[in-house]
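**Q** Please work from the sequences and hints to get the whole structure.
Each protein sequence line maps, in turn, to chains Y and G. The first sequence begins at 499 in this note's numbering and counts up one residue at a time. The second sequence begins at 1280 in this note's numbering and counts up one residue at a time.
Where hints are given, some of them may not hold.
[To be verified] For lysine to aspartate or glutamate, the following DMTMM-like pairs were computed, each having C-alpha atoms within a straight-line distance of at most 20 Å: (1) LYS581/Y - GLU560/Y; (2) LYS1282/G - GLU513/Y; (3) LYS555/Y - ASP1371/G.
[Unchecked claim] Short derived list, chain Y residues pointing at chain G, Cβ under 7 Å: (4) GLY540; (5) TYR546; (6) THR584; (7) LEU588; (8) PRO595; (9) PHE601; (10) GLY602; (11) PRO603; (12) GLY604; (13) LEU608.
I should point out that these hints are in silico values taken from the structure, not numbers from a laboratory. Just so it is clear, CB atoms sit at the ideal spot from N, CA and C, and this is done for glycine as well.
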Amino acid sequence: DGGITQSPKYLFRKEGQNVTLSCEQNLNHDAMYWYRQDPGQGLRLIYYSQIVNDFQKGDIAEGYSVSREKKESFPLTVTSAQKNPTAFYLCASSNTPQETQYFGPGTRLLVL
Amino acid sequence: LAKTTQPISMDSYEGQEVNITCSHNNIATNDYITWYQQFPSQGPRFIIQGYKTKVTNEVASLFIPADRKSSTLSLPRVSLSDTAVYYCLVGDISKTDSSYKLIFGSGTRLLVRP
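**A** Here it is as structure tokens:
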């Protein structure tokens, strides 16, 4: 059963806390992406990685960090520096940056 | 920055054909045009992709004129379950590191009425 998985489905963050969102893919894709979506809005790119051990900032990287130590995994950490983290977070992967992106089911992050 | 422009919303009725047009004036020579569908609280789902002329699959058709500055997604005989947001995407190459990424616009909210 191939695809992209994200966990958890819902995540609650306390003030000043760092939280990490998981994204795993078994599609053997080189490129992976993290997007943020606010209610009623489109997707905004946070970080992307075109190859293992390399990643680039997207349009809204401040307050977030990522790592790409393995081809199949691209975790996103929402740090305490992100003052408005409540949103729907989507992970995607593609065979190459120019090819179709396939999305995971998303993680909804809420602040307590 | 390469970007797309779509209507914010569209209304239709069950059984009708729906055409959503996207403008992408700055599309690069090697860019494909991709359309996604998104339901609330779900990840976007790939619908169709094309480079020029016409592409058709079991879900939709994509019409691209010769100048490639726009594209039209055509959904035949829509049903209530086609109510969703539809995104048109083209690529962009970063000026800082030449990396390539797709750009999501604001999307078109399609409402299908009974």
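**Q** Next, verify each hint and record whether it holds.
**A** Now for the hints, and whether the structure bears them out:
1. LYS581/Y - GLU560/Y: Holds, at about 10 Å.
2. LYS1282/G - GLU513/Y: violated, 36 Å
3. LYS555/Y - ASP1371/G: holds, 14 Å
4. GLY540: holds, 5 Å
5. TYR546: holds, 6 Å
6. THR584: With a minimum Cβ separation of about 14 Å from chain G (threshold 7 Å), the hint on THR584/Y is violated.
7. LEU588: With a minimum Cβ separation of about 5 Å from chain G (threshold 7 Å), the hint on LEU588/Y holds.
8. PRO595: holds, 4 Å
9. PHE601: holds, 3 Å
10. GLY602: holds, 6 Å
11. PRO603: This interface hint holds because 6 Å falls under the 7 Å limit.
12. GLY604: At about 5 Å, which falls below the 7 Å cut-off, the nearest Cβ of chain G leaves the hint on GLY604/Y intact, so it holds.
13. LEU608: With a minimum Cβ separation of about 13 Å from chain G (threshold 7 Å), the hint on LEU608/Y is violated.
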